[in-house]
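4 protein chains.
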Amino acid sequence: MELLLERDDDEPLDDHFQDECGVFGIYDHPEAAKLVYLGLYALQHRGQESAGIVSVEERIFMSHRDRGLVADVFHRPDLDRLKGDMSIGHVRYSTAGGSINSNNRQPIVVDTAQGGMAMAHNGNLVNAVTLRRQLERRGSIFQSTMDTEVIVHLTAISQRSNFIERLIEALHQLQGAYALVAMNERTVIGVRDPAGFRPLVLGRVGEKGYVLSSETCALNLIEAEFVRDIQPGEMVVIGPEGVSSFYPFPKRGKHLCIFEYIYFARPDSTIDGINVYEARKRIGAALFKDHPVEADVVVPVPDSGVPAALGFAQAADIPFELGIIRNHYVGRTFIEPQQSIRHFGVKIKLNPNRAILAGKRVVLVDDSIVRGTTSRKIVQMVRAAGAAEVHVRISSPPTTHPCFYGIDTPTRNELLAANHTVEQMREYITADSLAFLTLPGLYHAVNSATANGYCDACFSGDYPVAFPQHPEPVQLTLLKET
Amino acid sequence: MELLLERDDDEPLDDHFQDECGVFGIYDHPEAAKLVYLGLYALQHRGQESAGIVSVEERIFMSHRDRGLVADVFHRPDLDRLKGDMSIGHVRYSTAGGSINSNNRQPIVVDTAQGGMAMAHNGNLVNAVTLRRQLERRGSIFQSTMDTEVIVHLTAISQRSNFIERLIEALHQLQGAYALVAMNERTVIGVRDPAGFRPLVLGRVGEKGYVLSSETCALNLIEAEFVRDIQPGEMVVIGPEGVSSFYPFPKRGKHLCIFEYIYFARPDSTIDGINVYEARKRIGAALFKDHPVEADVVVPVPDSGVPAALGFAQAADIPFELGIIRNHYVGRTFIEPQQSIRHFGVKIKLNPNRAILAGKRVVLVDDSIVRGTTSRKIVQMVRAAGAAEVHVRISSPPTTHPCFYGIDTPTRNELLAANHTVEQMREYITADSLAFLTLPGLYHAVNSATANGYCDACFSGDYPVAFPQHPEPVQLTLLKET
Amino acid sequence: MELLLERDDDEPLDDHFQDECGVFGIYDHPEAAKLVYLGLYALQHRGQESAGIVSVEERIFMSHRDRGLVADVFHRPDLDRLKGDMSIGHVRYSTAGGSINSNNRQPIVVDTAQGGMAMAHNGNLVNAVTLRRQLERRGSIFQSTMDTEVIVHLTAISQRSNFIERLIEALHQLQGAYALVAMNERTVIGVRDPAGFRPLVLGRVGEKGYVLSSETCALNLIEAEFVRDIQPGEMVVIGPEGVSSFYPFPKRGKHLCIFEYIYFARPDSTIDGINVYEARKRIGAALFKDHPVEADVVVPVPDSGVPAALGFAQAADIPFELGIIRNHYVGRTFIEPQQSIRHFGVKIKLNPNRAILAGKRVVLVDDSIVRGTTSRKIVQMVRAAGAAEVHVRISSPPTTHPCFYGIDTPTRNELLAANHTVEQMREYITADSLAFLTLPGLYHAVNSATANGYCDACFSGDYPVAFPQHPEPVQLTLLKET
Amino acid sequence: MELLLERDDDEPLDDHFQDECGVFGIYDHPEAAKLVYLGLYALQHRGQESAGIVSVEERIFMSHRDRGLVADVFHRPDLDRLKGDMSIGHVRYSTAGGSINSNNRQPIVVDTAQGGMAMAHNGNLVNAVTLRRQLERRGSIFQSTMDTEVIVHLTAISQRSNFIERLIEALHQLQGAYALVAMNERTVIGVRDPAGFRPLVLGRVGEKGYVLSSETCALNLIEAEFVRDIQPGEMVVIGPEGVSSFYPFPKRGKHLCIFEYIYFARPDSTIDGINVYEARKRIGAALFKDHPVEADVVVPVPDSGVPAALGFAQAADIPFELGIIRNHYVGRTFIEPQQSIRHFGVKIKLNPNRAILAGKRVVLVDDSIVRGTTSRKIVQMVRAAGAAEVHVRISSPPTTHPCFYGIDTPTRNELLAANHTVEQMREYITADSLAFLTLPGLYHAVNSATANGYCDACFSGDYPVAFPQHPEPVQLTLLKET
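Residue numbers (the numbering used here), protein chains in the order written: chain A, 165 to 646; chain B, 165 to 646; chain C, 165 to 646; chain D, 165 to 646.
Calculated directly from the structure, the hints in this document are not laboratory data.
Values in this document were obtained by computation on a predicted structure and should not be read as measured data.
Possibly wrong hints are sitting among the right ones.
[As the list claims (entries may be wrong)] Which chain C residues face chain B? A few, computed with CB under 7 Å, are given here:
(1) 231
(2) 233
(3) 385
(4) 442
(5) 489
(6) 493
(7) 501
(8) 504
(9) 519
[To be verified] Mimicking DSS-like on lysine-lysine, the simulated pairs with C-alpha atoms at most 25 Å apart in a straight line are:
(10) A:513 to D:418
(11) B:513 to C:415
(12) B:415 to B:247
We put the CB at the ideal spot given by N, CA and C, even for glycine.
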């Protein structure tokens, strides 16, 4: 059986919520596209399926977009052809299925009555289908299934007199999550939706250039200087006149996706003033405080569980040990022997170290349980390596609801926590004990007394941006490119 | 110096007019996409740059489009994913430049208010820029520079009640050349523009299936039966109710591109009742009759010059010999030594056979002279191989005007015949004599007393479909994908 | 069913004897490897499976060898790395099977006590297994199944004092066919076996350089000047002292493979003083003289049958027509629909032109019938295109015996002519008449009164070099690299 | 500037000693090659340049070997072709240079008088050049520059009566380091040299199969059971009669490469009874004991420094923090902007987390300093991220001598520690303090009172196996395949 990394038996190998994208943009730098290339490389954790860069020079928009990792998609000649001192780029997460729509390539680039325009989007619109139907009814055609194409159409049909106003008119019609980086022939624009679901930061680079990035970790590699987070509901326009800031939306509450701190963002990023690594450590400490356990070792499920496990171990004063080793040479597919191997999909990535685990009471720290299948395999592997007890501690509350704001989650039916008590979950994953971080513990860890300022819908079911309860049936013509 | 096949020094290696495309479609066959694949393979001479196939099943449109030859673009898994019993495809000619716009992939596939739609186009609209500007002004966005996208937009914005009427409304706005194959979820449609510039035929395949093809040569490979030529100005709709024929345009004269007979079409095709090979032979005979010469051998410039040379030789009763051998293993690029080789670009394809040529009075038959650079090199090569005399006979009239109906031609300035007398041209290509077929000779060869029924604008400057003499300055934003 | 081009049902698509290789070498040219690259490209018809080049500079041997066509195997960086002013290369024919031994890469390069050495070989040794067994018994190891490795071993174990003498000692032990190009750090060497089965020519290139090539057609492209054929039994050593000629073998009769004139060589080559194209035309004329027929058209099976058909037509005074068109865009594999197509394997390459064939009495000229399967399909295709009569004329005698001198032929059992009368063959291929060139007719066509000077074993069974009637059972360990 | 990952300016990016190889073998399992594939994947850290697998079935040896990571080199069809229930494989480390000799592919496979034979080798022979010269003088030819080819030749020329005795005779002539896995048509053999420089273990797999592996970590993935370490000087023969053990060499001291514990081996492996992760933690603790420091955080240089840093932190009771984040999506090449970026080569892999480092006294734990260039950059990066003090602690003694036993090390001149005092080194890397583990501390950490049982030549200059002080000048003909 040829095994896509994402599939193990009928289960995804990587049983996480999946981030949708990372966006990056450069204004006024002689090697704009090369900096975008490096920025995307540093944002690779936000999307490994495909990568794209668009640059513009003298009204000509040049693009290169393909499947694969940044380092594989772009070669020197590709970057050399991406001329100009303005450029934006995009990385996209790895879908579960084998077949993807290669028309869904970002950044999207179009020609309009007002000239060329490129756009890259991280997030998800909850009214995309409705908008698309409206647009189609007036004669718009769609060449992809991306929300980005909706935004571009709305901008193009606006009758406002300039690009900024047209884009604002388009944005006013959007509901949902979006961190956008857009570009016309003169300006690079960054927008964070009114709720600020997804992060976006502004920096400076070179002598006079500017940079927009999903995360701060991408600034360091290109020697850019962090200026500030783009604010929820803010549109930043970077052009010949410098940086202008617009707040085109009515003021409303901020709802940063709390999962960025739990799993999505790189630990060396700082989002809205809070360092991700530090947040994860505090989360681990809070997890211990909420659910202490007597044990001999604290072992993270690598790599994402490491900072929380460290926080847990330090709070608990239990030794922290790398009792599970991750193989970092994992490719996209693996060939499994016919005489199949137990837990092959997990083993190909993770190997328990019997010397650390044998005879020990082990606290296993992971960041989330989605379907539970991977957790179950890991617990069994750790026990097979001799662990006397396996206590699973999850550095987030139970994920009971799907996300509609840009994260690829299973349906509610597939979410283990949606339909099972913690005790049933413990039994399923065969752990000696199982505990989740509480929502208050989580907010405490991100320096917040309450859920204020965050979206925690996947834990609480409180969706901060309404979406059609009985949405217009989705009957999009699927445009699949193989 | 790395040499793109298309470039020799500053000249194109293959100094021909270049055909734009071939189109192919299948209705109601269980292996529709595979038949389209074979059809495109048989139409490969009409375009070697890229190939694409779209199929539809249960309202889902699947596509696979990429650069390269048909046999390289499609592998078994690609074809297996192109499900459904309706499918259309497209091959595109090889551009001169190294960089192409990969967004310009055909068939184009879009989602509209009325469902999915795919379209492939051979030809060129003379009012495309005007239409595009109008469309953009009403808010349409363009993701490519293809005329096809214009047609699709016009179809999508039509307010008519069904697809056929919307498509007709769109077609009414087009001026220029188009042989279209289109598809929605229920029907496959073929259209030939009112002048019938480009060929398109209808056939039957399998038990109940239909086929549309640019040329008849593609019918044989898939064991399809030729039914008839689509008529100029005819739209054929193939659907569950069978084949319907529409003539949505006012009647006007037919203007089949005469160059199809001279060079573009495959010799085993029959267009509008005239077999191409036979036409070329008659052309060769007419060429001799117009411009006889005393000589020892008639030698074609392979491969395109062969049938005319044969006709010339038979009419002249001079032995026909393959005095120039063509290497058929030519790849896309060749690496030339720094210490460069005379006529490298021609030599990599053609090698004169001294044994046949030495001491002989040679009639060299070629189909056209565009810039003249290749002819000059071939004459010099043949003379260097010992020919006593080199008499060049061209199986078409002097090409003095560019084409605006779908053929890639140089500007008028670059056309040797536009600015030089035949004697000047003879001198330039260093031939002992040079003669072109006359226009009357040409029409006689295609069984026509007059130019009636044909477009001969490249020879005569009589453009049968008007186009803007001072066209709106083209300021399209170039969308280049590398 | 995925169809390797070489297979149609259980039959090879290209039912020809297959040439084994082409060899090429350059001495003393600043761009030696680039010239070898061009030389191999011109010899591509002698082998399409793989290509390799070795160069040497300051005792360092650099090589690049891979599967595929010359234009695909070598890219600029590969050639740039092949430094030095001496270089040799090799192209290898396309095997029927999908899996090949990639260790069988030529030129072979080895390090020996006397320094590095490279060798490329066209031909076949009849005592290779015996020699290999002897070498293995003294401790030699083999990393491939190539005869070339045998020759290299024999050279390495020789106790003679210099490379030339060691090579000669090795050659003395060989029986069979070989045209070799070898190279050590100071010299390039060409050898033609005593019978001269395979061609090899010497030329001059650049200011002071020399070239060795299987055929003269490769000299033209690099602007080399033909000097002379290497003689059977001659070894030419090209080194700092110029060109030396050795005749290390006892004088014996020359036996050039007659099939080079019939099919293998390119028509623009001249072998041992006879131009291949002219020979083929005389062969066609002789074929008519031996087996005249009343007919309306003479049609070649393209491309190899063209010159003989032309000779036939001129002798018969019957019009020569290209009634079958060959598609030159054939790739390595084709995907056949499940609902299979009659004669798919032939149709993918050849298409009959009904306009030329319908109602005509057709003489179909091909160069040989090996298994007969392809001929049968072509005859049926031509008849299906409306031919009134189909008379097959083969421009060689019946091939009744396999070749042991370097040509890939089926076993005797598979050779149609070995087990069937001409009448039975005619019936099998469904022709109205079938006739083969006679051996005397063949020799007459190559200006020879008798078989003297040629190997015609495949027609006559007269094998000029003896080989083990009951050879040591071949028990080579197969070393297959996938 | 296109940057090979291995090069940063004029310095290697990964300034470590580099392991040479990993070996793996399977006896008697129906999916032998697939298990070898998984085994190699788990040994990927021992070599990322190339991978190869050989299997044997009914005397036919099949091989697939290519450049690249295991997951990239092997696809399902490759593995399907590697039939048989015996198979061996090899991974090879990544060389510094861009051009490699693709003839140096392992396992080597040869045909000899006694049948086929395959061999894979981890280590280095100190008398390889001498043996090669002797072999060449008797007529052996070399197609690579690998020591493995020397061993194979020695085996082939032995006059002993069976394969085991011939191999033993060959081994007797070898001096140096070798962990071998070899295979003929009936047996799989594992050998560890008398000093036991490189690890090799035996396991059981499936119902009756056996496995040989460089490290135990590769056993887990294929569900094999660890049986025991192969002993220094032991040859294990696995055949139809089961497992036989031979000790063909005179008894001598064991000298396991101590660097396996410091850096090479995967932390979840256990070598000669000592778990690598635990050893590294003890090393870290010993490092603190030898060189304590007052500090706020202990930060590892990821990934190799992590366990030692953890041991250091626990012993020191200073918080352990992942203050430097490693990007695991690193490809083989990166394109650097022309306007170059400071420390680009290090930054592309490592990013300091300012939130953790700013204002802190940082202990930076790394495993070794080779040239010092990378350490210098990391220290500067950490300081630029705000660290108040940077104290570097190296979990090995200063590396003052090159390795001649299979590890790719720079020459002595390039080893920073060979020519500088610790204080000079500290100054060079710009640290506030620098300290190395002492040799006694190191031995204590691996449970040994003395150097007995280990090779520590790279620290001490005590080379346990003599090698030519003035070796025969190496004048190997370089056989470079690009």
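Hint check results:
no., hint, verdict
1, 231, "14 Å, violated"
2, 233, "6 Å, holds"
3, 385, "5 Å, holds"
4, 442, "5 Å, holds"
5, 489, "4 Å, holds"
6, 493, "4 Å, holds"
7, 501, "4 Å, holds"
8, 504, "10 Å, violated"
9, 519, "3 Å, holds"
10, A:513 to D:418, "34 Å, violated"
11, B:513 to C:415, "41 Å, violated"
12, B:415 to B:247, "39 Å, violated"
Of the hints listed earlier, those the structure fails to meet are numbers 1, 8, 10, 11, 12, in rising order.
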